[in-house]
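S.K.: Listed here are the chains, written in short residue letters.
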Amino acid sequence: MEFPHLQKIHDEYKGKGAIVAMISIDQERYKVGPFLEKNPNSALMLLSNSEVESAYKVQGIPLTLIIDQKGMIRYRHTGFSPGQETELRGVIEALLN
Amino acid sequence: MPTSLFRLKALLTGLAIVCLAVGTLAFQQSKPSPEAKERYNRARQYLAQGEKDKALEELKAAIELAPEFVEAHRDYLDNQRDKAQSFIEQYEAKVKQNPNSAVFHYLLGKVYSNADRREQADAEFQKALEIDPNFGWALLAVGTSFSSKGDRAKAIEFWEKARWTAGDSVVLRSILASNLSSKYASSLEEAERVLQLDPNYVAAYPIKWQAKMNMTLGSPQTRAEVLKDIQRLETEKAKDIEVLKAVQRGYQILEDQDGVERVKKTILAVDPKYFERQDQQFYMGMGIDSGKMIYFRGPAAARYFRAEELKDPKEQLAVYSQVEKEVQEADVKHYIIYPALLRTYLKLDDLDNALKIMEILDKAGLEDQTLARLKDELARACLRLKTRLDAALDQNKRSVELWRKSIKELESKDQKESGGSAYARAQLAQSLHLQGQLLLEQGLTEQAIAALNESLKLNEQEGAALDLGLAYLKAGKQEEAIGALSLAYSFDGEKKQEAKAALERSYGEREKAKPLATLLAEAADQRRARMRQAALTKSLAEMAKMEVKPAPEFEVETLSGKKVKLTDLRGKVVLLNFWATW
Numbered sequence: 000m001e002f003p004h005l006q007k008i009h010d011e012y013k014g015k016g017a018i019v020a021m022i023s024i025d026q027e028r029y030k031v032g033p034f035l036e037k038n039p040n041s042a043l044m045l046l047s048n049s050e051v052e053s054a055y056k057v058q059g060i061p062l063t064l065i066i067d068q069k070g071m072i073r074y075r076h077t078g079f080s081p082g083q084e085t086e087l088r089g090v091i092e093a094l095l096n
Numbered sequence: 000m001p002t003s004l005f006r007l008k009a010l011l012t013g014l015a016i017v018c019l020a021v022g023t024l025a026f027q028q029s030k031p032s033p034e035a036k037e038r039y040n041r042a043r044q045y046l047a048q049g050e051k052d053k054a055l056e057e058l059k060a061a062i063e064l065a066p067e068f069v070e071a072h073r074d075y076l077d078n079q080r081d082k083a084q085s086f087i088e089q090y091e092a093k094v095k096q097n098p099n100s101a102v103f104h105y106l107l108g109k110v111y112s113n114a115d116r117r118e119q120a121d122a123e124f125q126k127a128l129e130i131d132p133n134f135g136w137a138l139l140a141v142g143t144s145f146s147s148k149g150d151r152a153k154a155i156e157f158w159e160k161a162r163w164t165a166g167d168s169v170v171l172r173s174i175l176a177s178n179l180s181s182k183y184a185s186s187l188e189e190a191e192r193v194l195q196l197d198p199n200y201v202a203a204y205p206i207k208w209q210a211k212m213n214m215t216l217g218s219p220q221t222r223a224e225v226l227k228d229i230q231r232l233e234t235e236k237a238k239d240i241e242v243l244k245a246v247q248r249g250y251q252i253l254e255d256q257d258g259v260e261r262v263k264k265t266i267l268a269v270d271p272k273y274f275e276r277q278d279q280q281f282y283m284g285m286g287i288d289s290g291k292m293i294y295f296r297g298p299a300a301a302r303y304f305r306a307e308e309l310k311d312p313k314e315q316l317a318v319y320s321q322v323e324k325e326v327q328e329a330d331v332k333h334y335i336i337y338p339a340l341l342r343t344y345l346k347l348d349d350l351d352n353a354l355k356i357m358e359i360l361d362k363a364g365l366e367d368q369t370l371a372r373l374k375d376e377l378a379r380a381c382l383r384l385k386t387r388l389d390a391a392l393d394q395n396k397r398s399v400e401l402w403r404k405s406i407k408e409l410e411s412k413d414q415k416e417s418g419g420s421a422y423a424r425a426q427l428a429q430s431l432h433l434q435g436q437l438l439l440e441q442g443l444t445e446q447a448i449a450a451l452n453e454s455l456k457l458n459e460q461e462g463a464a465l466d467l468g469l470a471y472l473k474a475g476k477q478e479e480a481i482g483a484l485s486l487a488y489s490f491d492g493e494k495k496q497e498a499k500a501a502l503e504r505s506y507g508e509r510e511k512a513k514p515l516a517t518l519l520a521e522a523a524d525q526r527r528a529r530m531r532q533a534a535l536t537k538s539l540a541e542m543a544k545m546e547v548k549p550a551p552e553f554e555v556e557t558l559s560g561k562k563v564k565l566t567d568l569r570g571k572v573v574l575l576n577f578w579a580t581w
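Top line first, the protein sequences correspond to chains A and B. Take 0 as the starting number for the first sequence in numbering that gives the first Met the number 0 and just add one per residue. Take 0 as the starting number for the second sequence in numbering that gives the first Met the number 0 and just add one per residue.
If you're looking for bench data, these hints aren't it; they were derived computationally from the structure. There could be a bad hint or two in this list.
[Stated by the list, open to error] List of simulated lysine-lysine pairs, DSS-like, C-alpha gap at most 25 Å:
| # | chain 1 | residue 1 | chain 2 | residue 2 |
| --- | --- | --- | --- | --- |
| 1 | B | 513 | B | 537 |
| 2 | B | 355 | B | 385 |
| 3 | A | 13 | B | 562 |
| 4 | B | 561 | A | 37 |
| 5 | B | 571 | A | 13 |
| 6 | B | 561 | A | 30 |
| 7 | A | 30 | B | 571 |
| 8 | A | 13 | B | 561 |
| 9 | B | 346 | B | 332 |
| 10 | A | 15 | B | 571 |
| 11 | A | 69 | B | 544 |
| 12 | B | 385 | B | 412 |
| 13 | B | 537 | A | 69 |
| 14 | B | 548 | A | 13 |
| 15 | B | 346 | B | 385 |
| 16 | A | 56 | B | 264 |
Pulled out of the complex, with its shape left as it was, chain B reads as follows:
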């Protein structure tokens, strides 16, 4: 699978910034004493300031004062995820002492979940619900478990139910509001409820704004309302970090970059270390060709991620070079940082340094397809600059080898999912096209013709057909040239005019026997017929392999709010494509 074109949804949600918020709370099970609540609130403040040790002390004290204080337990556990294993015994003992407490079963589930013991966690959440079917936290947890297994509908069912039993816990309601973002009406109601219960729980504002925007698809009126809300908060409480965070998120929702930048400066003025602490929690994941995930975490990852947005390659280079010095993990270096450095050098036309990076990558043991793509990018840059063509040809020859090897392996594995070796074949065709161009540039016409012919056999592309035609002309092979050029023309693509011009130059006397226009029309017809036949044969084979299942019914909306059901489209062949703007 090509890395850059395939994205996992979970990754993007993983990048969402975790919101911490200071707020008072009330709790429905056994209400914690005012003293316990005070200590808990102090802990939240410490957490917001990055004072984790002090926060943990306060949380411990709050738990001692109120043993069933769920919010305090949650923060206590979630801020020590790395030590999740060590809490198991302790919370198992709590359950033994209080076997009929939904709270402790839930908390044990939370501990198991933090320790990645999913099944045990689910069992405890279920027990909590058996004891108290209306226990909001357990409903939340069961929903989250369904969500992580990909069953969003079931997840939402549980979260919706949790809304009715959440009582006056603003933390729970705020999480529900955020989780239910795709159910914007529920999300809006919950966020507004939180703000009613506690106007200082400002983390609920962005959830409310986003829900409103989603509901009206960002109508001008909603935008104006949201902006008014944001500006009111910004002026009323300009010194409160939690408020500023909400305000910044608000400007992000409105896509007001000036607003985002302005608030960022204000945040830095109030708390210079704020973003550094945020970066500690940052992580990103990248799926590589084999499907393995590479995770890149911490401040260096955050800086790398932001540098991707920079417009000036020189600035990017500075960031990537610095990050390279800081990072230790080999996979992150080899799959993320060096490729970024290589591409940046290519943007800067700095081939010497790009070649140096390639030397490192050659020894890195990268997956074949990844390495092959990088080598071709390098070779293509050399061709564009018409320098270091020897080096370019070396790189490209290696990439051709890698693609050949990859195809062999994929074919022998008898890939079940369609497209595996087809992708590698298409890539090999591109590599061979590049090889042809490089050889032509070096004056090695015969070799170029061989590479271009092989490329076209693997995958008919107009660029390769045009270059082959030009190569034949150079070699004085008129008939072959006319064949390749009319093929290039028949694509009806961007090379059409170039192909036609070359044909007009070389067609000459042949015009009498058969006018060029007729030849071109025939070429276009032939190509269409050939493509159709090839596609049919291949697709019939693919379809024969596939198990035929009924398509689940659905009802969705158009942008203008019109409802569309799958059954409305019955009788038609429907190509259904799930996509996203990001």
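If we strip away everything but chain A, and leave its shape as in the complex, we get:
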């Protein structure tokens, strides 16, 4: 779970024109609510469906994408690496400027 840094990014940029939307791909959707009660998150929390998973070819998680203001995909990365937060911030900043 890479909550903390995405949460930070969301809080920092939501007033500046960028948001974080998290889509849970849990098959057991009813587990997401209780999980978020224990791990609250201010980002936009969404529940997946097979159409969106197919359209974005979700094969492994976490899958992170950044979509620009015109709806174009500008970043896509599966997995998590320690330097990723800086990278994500950089892409967002570049798109906001």
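On the provided structure of chain A, position chain B as indicated by the hints.
M.R.: This is chain B only, laid out in the frame that chain A set:
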């Protein structure tokens, strides 16, 4: 890719327990005679009891009585997957004799699929559909083929279509209900249909419960309804293994651990060998750094998997040690069991045994990154316990070497996917930080300063900055110390107060020239500006490499049921993250 943080979806579905269920059935193509059905039902009972040979005999008899009896063929073939190759000729001959039979084309496809001949399998399923576009089993198979290629939407289209042509085959309907779990309304309808057709087909209950829970996101009312259903089954048919299995799954859905444990005991009382047989079919897979998959199968794998949940490391150790004796496959031992043993010894502060395991791993030919991580875990435990520091430093030096080698290789390969060598660099920075801590502990201040400086150059981390500041203080280098400590402070993280306290102790007379508060504010500003610039430069380079494509439109729901479309967010930069609670 770091192993522990990357999971393949397919693996988790692979771990789902296969449900066998006893039930009567009817079949829409040419209906099997009552005698064939009886033999088939007997076979299912044998399978549930683990009597595979007897079951296969019954299935063979059922097929002889009713040659187009799909359910019987399926069980016959699926229970002999290891011999899939040997059935090819036989089923090819059947197709030759009945070239216009959708059933035989489907069955040949099933044989090919079990033998891992995917393309031939798909071709046969297509032929079956050409002959009979409404043949439910072929629709199921084509959907499954799409699903395995990652196209869930197309898969669901075929499965939904199969629902309308499934007739009164409870086996087919039950599989569809389970496959369609993300389409909870369809899943619920199918599961309820199965139970209408055959109230004894209890494997459909958990599918129904899960669909209901998904539909209402686990509302208290649904929970109460499901619990009532479970308790009714539990009291009515407390001796039936299939019922108990469904009941146990029900308690799992409700996350009622007491219920799960209670039913487990009941199952053991009815059939002491039940879980042993389940464990025979268990398997787990683990992706290692190079992306290769390691599969661990059978009862030992099941025990290993369950031991991960144990709270007492001593109990874990007992399980892992036993499993180690039973397992033969080198990869499983080296990538799964020895690392688990090592980590458990570290939890128990047993460094001697941990070092012994490391000796084995040193000779195992592990991938560099895997070995490097384990070595640092070992070294970190020594540092925590402040013992065996010599050994810790040896291990850590080796891990630093391994990370350096890994970075070189990754860079020369000109990695296309971003993050490959960045990950190794961040890891090397951590290893060097650990080295600095170990050297400081040994009183080797100058060497520690060198390691910490290199670590910070690779990746600025507050911990390393703080330790570097403290090392400079020890060496009497005040100016350098103040620089490193104010850097540590500027992260605004958990080391902030510690850094500030050290600065206050050593800042002294300098306060007059420039107050400490001003220095700290400047350090924070500088760091922010530096980070932003670095991120921008790097990200612009990354973005330039990437092909710009339109993001597919989607519509999903929030937890409160509100619909959200991607176009609703147009005009904003959207960071989209797919995740899961597991």
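S.K.: Below or equal to 25 Å on CA atoms is what counts here, so check residue 561(B) against residue 30(A).
M.R.: Since the Cα atoms of residue 561(B) and residue 30(A) sit roughly 18 Å apart, the hinted pair holds (cutoff 25 Å).
S.K.: Do the alpha carbons of residue 15(A) and residue 571(B) lie within 25 Å of each other, as the hint requires?
M.R.: With Cα atoms ~9 Å apart, residue 15(A) and residue 571(B) stay inside 25 Å; holds.
S.K.: What's the verdict on residue 346(B) and residue 385(B), does the C-alpha distance respect the 25 Å limit or exceed it?
M.R.: 15 Å, holds
S.K.: For the pair supplied as a hint, residue 69(A) and residue 544(B), confirm whether the alpha-carbon distance does not exceed 25 Å.
M.R.: 19 Å, holds
S.K.: Is the Cα-Cα distance between residue 513(B) and residue 537(B) 25 Å or less?
M.R.: 34 Å, violated
S.K.: Compare the distance between the alpha carbons of residue 571(B) and residue 13(A) with 25 Å, and conclude whether the hinted pair is satisfied.
M.R.: 9 Å, holds
S.K.: Would you check the hint for residue 346(B) and residue 332(B), treating anything up to 25 Å between C-alpha atoms as holding?
M.R.: 20 Å, holds
S.K.: CA of residue 537(B) to CA of residue 69(A), is that 25 Å or under?
M.R.: Since the Cα atoms of residue 537(B) and residue 69(A) sit roughly 22 Å apart, the hinted pair holds (cutoff 25 Å).
S.K.: Compare the distance between the alpha carbons of residue 561(B) and residue 37(A) with 25 Å, and conclude whether the hinted pair is satisfied.
M.R.: 22 Å, holds
S.K.: Given the hinted pair residue 548(B) and residue 13(A), is their Cα-Cα distance within 25 Å?
M.R.: Roughly 24 Å separates the two Cα atoms, so the pair holds.
S.K.: Given the hinted pair residue 13(A) and residue 561(B), is their alpha-carbon gap at most 25 Å?
M.R.: 20 Å, holds
S.K.: Compare the distance between the alpha carbons of residue 30(A) and residue 571(B) with 25 Å, and conclude whether the hinted pair is satisfied.
M.R.: Answer violated: residue 30(A) to residue 571(B) is near 29 Å, above 25 Å.
This entry does not satisfy hints 1, 7, 12, 16, going by the numbered hints stated previously.
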